[in-house]
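Number of protein chains: 2
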Amino acid sequence: MEGPTVRMINQPLLPHRFEVVDLADHHATAASIRTMIVRGAGAIGATAGYAMAQAALEAPDASFHAFVGEAAERVQATRPTAQNLFFAVRAVLRAVEAEGSDLTRARAAAMAAAQEIADDDARCCEAIGRHGAPLILTGARVSTHCNAGWLAFVDWGSALSPVYVAAREGRRPFVWVDETRPRSQGARLTALELANEGVDHAVIADNATGHLMRTGQVDLVIVGSDRIAANGDVANKIGTYSSAVVAAANGVPFYVAAPTTTIDSDCPSGEHIPIEERGEEEVCYTWGWSDDGVFARVRTTPTGSHAHNPAFDVTPARYVAGIITEKGVVPASPEGIAQVVRR
Amino acid sequence: MEGPTVRMINQPLLPHRFEVVDLADHHATAASIRTMIVRGAGAIGATAGYAMAQAALEAPDASFHAFVGEAAERVQATRPTAQNLFFAVRAVLRAVEAEGSDLTRARAAAMAAAQEIADDDARCCEAIGRHGAPLILTGARVSTHCNAGWLAFVDWGSALSPVYVAAREGRRPFVWVDETRPRSQGARLTALELANEGVDHAVIADNATGHLMRTGQVDLVIVGSDRIAANGDVANKIGTYSSAVVAAANGVPFYVAAPTTTIDSDCPSGEHIPIEERGEEEVCYTWGWSDDGVFARVRTTPTGSHAHNPAFDVTPARYVAGIITEKGVVPASPEGIAQVVRR
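Here the protein sequences line up with chains B and Z, keeping their order.
Quick note, this note's numbering runs 323 ahead of the 1-based positions in the first sequence.
Quick note, this note's numbering runs 323 ahead of the 1-based positions in the second sequence.
Keep in mind that the hints were calculated from the coordinates and are not lab data.
Quick reminder that beta carbons are idealized off the backbone N, C-alpha and C, glycines included.
Check the hints yourself; a few may be wrong.
Unchecked claim - Examples of chain Z residues toward chain B, derived with CB under 8 Å: (1) E520; (2) H524; (3) A525; (4) G533; (5) V568; (6) C590; (7) P591; (8) H595; (9) P597; (10) W610; (11) R622; (12) T624; (13) H629.
Whenever a hint applies, use it, and build me the whole structure from the sequences.
What follows is the structure, encoded as structure tokens:
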């Protein structure tokens, strides 16, 4: 955030073009979450916090609390599954409400709370790296799904943070990058991060993960999460569940890395996590860089066919070897969650 | 085959453009298999048979058998996993060799053998439909992977044939069509077939199959096969293995449909089936129809990243509820295979 403006990377254009967009008000910032200019658990949380700070700056004195309350509804309506979104909105609302009728202090508190969400996210992800890195032995081959690296957070990332720490410690990890259709966050973003970090990797079709596990080419899986229920069930990008089931069938440990801000302690199990359904065009088309050097899309499906596009799935806790949090690695169980959850 | 020319649909352009290519000699026909102008177990087999018939027509009298033998090597070298390819080449070679030094009869025998491979394929697929259709109850939701319909065979197809028969019998099946990256045969070809046949369906990202199974939205899976080992292990398009494992975890029956020409009785188990590795560009790019109405590709991966592209995987027999052949549905076991294998 610079002054009243939120500035962020336009992620759909990556890796082909690096473009920063300026979001002048909380409407524009909320829209950037909905249209996925920004995506990723921690990045959505930080953006939602800044959107609420913008709303506090924009709110007229005469209707300050009503305006901020409406903004909270607007920001929360952008993505239904992402827990960090709800955590961030509530954190800023609490900070504002604590100042009562002193609006100057309320606006300052909103700004400070938003900044603290972002700073906390970066600190948590750095700690996730330290706690998760010992799981990655020398030369380990790590499978990951979607993008849960620094582009998905404020810094470091969740699933990729242990990889980065292991790489800096000289253990030369190798990463199998699931392409992650339909939006190709693995092929576009995780590959870009790993190339930038100098971590050896190969992009694969999502279909290839199981074959690599069955033929002994994967040592462990680390994925991120969009919401973790109180019993340890995990919502994450569509395809995560299949990866977990096939990992279990092949004795490959499957870890979830997430800051504790991703835990929804009000949610008893994965069955209660709302799963976002997105538009069919994401499946019918693929976006990328054309041979003419422009950002373009191609359609694969016939015009007479429709598509169905659930964006997330739920992995039951029994498939999860452990949850790597900023407070340490805990079992995916009610007891494990209770050890680390923020009250 | 029309005269000495093999004519076939240019499948990479489907569903966006229907184009028939003329292949003037066995070199061109073999190349069409390698470049996947034609693909699909039965269609590859029929094409290989016709390529061998072309070779018999082209072979000079003075070096007839050497020429045909070299052609056999050339055709067999196009795709390593597809069993129907090897079956067809050997069938034409046997027919030629049975005529000894009478080259007029040998050429006629090659033509007749090639035609019989194609006719046998169509008959087998029609019978697979009859044997498999009773597995599809009214309103059943069928999951399939890749394309194993009439485009992959001479007619009817393997996995889709029971669907077509059930639809004609009025049981209104619904099909979840796995997109099937990297070459999108599901999104392009299976969707096109089902739209043409009036069968209700939805295309999904390959990542979504597991979620649909876990949430009770899939009643059975039917896939095709590129090679079946003597113990019932099945090679098929990459991603089939994951679908089978997740189906088993959710109690969803997983069937493989294939003519007995796909059985490799010399292959004791799936571990002995060679898995084709294809070029990384299939993963780095997606091909389809641009908004400008031209066949184009877009790149999703950064230029600094490489990809890995195994084209098939092996599903162990224990995950297979049954193999639907032209002789009936048999268990995926040495005993089941022995009941139907051609000697």
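Structure-based check of all given hints:
Given the 8 Å rule on beta carbons, the hint for Z/E520 is violated: about 11 Å separates it from the nearest Cβ of chain B. Taken as an interface hint, Z/H524 checks out: its beta carbon lies about 7 Å from the nearest beta carbon of chain B, inside 8 Å. Because the smallest distance between the Cβ of Z/A525 and any Cβ of chain B comes to about 4 Å, under 8 Å, the interface hint for this residue holds. Evaluation of the Z/G533 hint against chain B yields a held restraint, the C-beta minimum of about 3 Å falling below 8 Å.
Against a cut-off of 8 Å between C-beta atoms, the interface hint on Z/V568 holds, since the closest Cβ of chain B lies about 5 Å away. For Z/C590, the interface hint is violated, the least distance from its beta-carbon to any beta-carbon of chain B being 17 Å, above 8 Å. About 18 Å separates the beta-carbon of Z/P591 from the nearest beta-carbon of chain B, more than 8 Å, and the hint is not met. With a least beta-carbon distance of about 14 Å to chain B, the hint placing Z/H595 at the interface is violated under the 8 Å criterion.
The closest approach between the C-beta of Z/P597 and any C-beta of chain B is roughly 13 Å, which is over the 8 Å cut-off, so the hint fails. Residue-level restraint check for Z/W610 holds (minimum Cβ-Cβ distance to chain B is 7 Å; threshold 8 Å). The closest approach between the C-beta of Z/R622 and any C-beta of chain B is roughly 5 Å, which is under the 8 Å cut-off, so the hint is satisfied. A hinted interface residue such as Z/T624 counts as satisfied when its beta carbon comes closer than 8 Å to some beta carbon of chain B; here the least separation is about 5 Å, so the hint holds.
About 5 Å separates the beta-carbon of Z/H629 from the nearest beta-carbon of chain B, less than 8 Å, and the hint is met.
When held up to the earlier numbered hints, the structure conflicts with 1, 6, 7, 8, 9 and fits the remainder.
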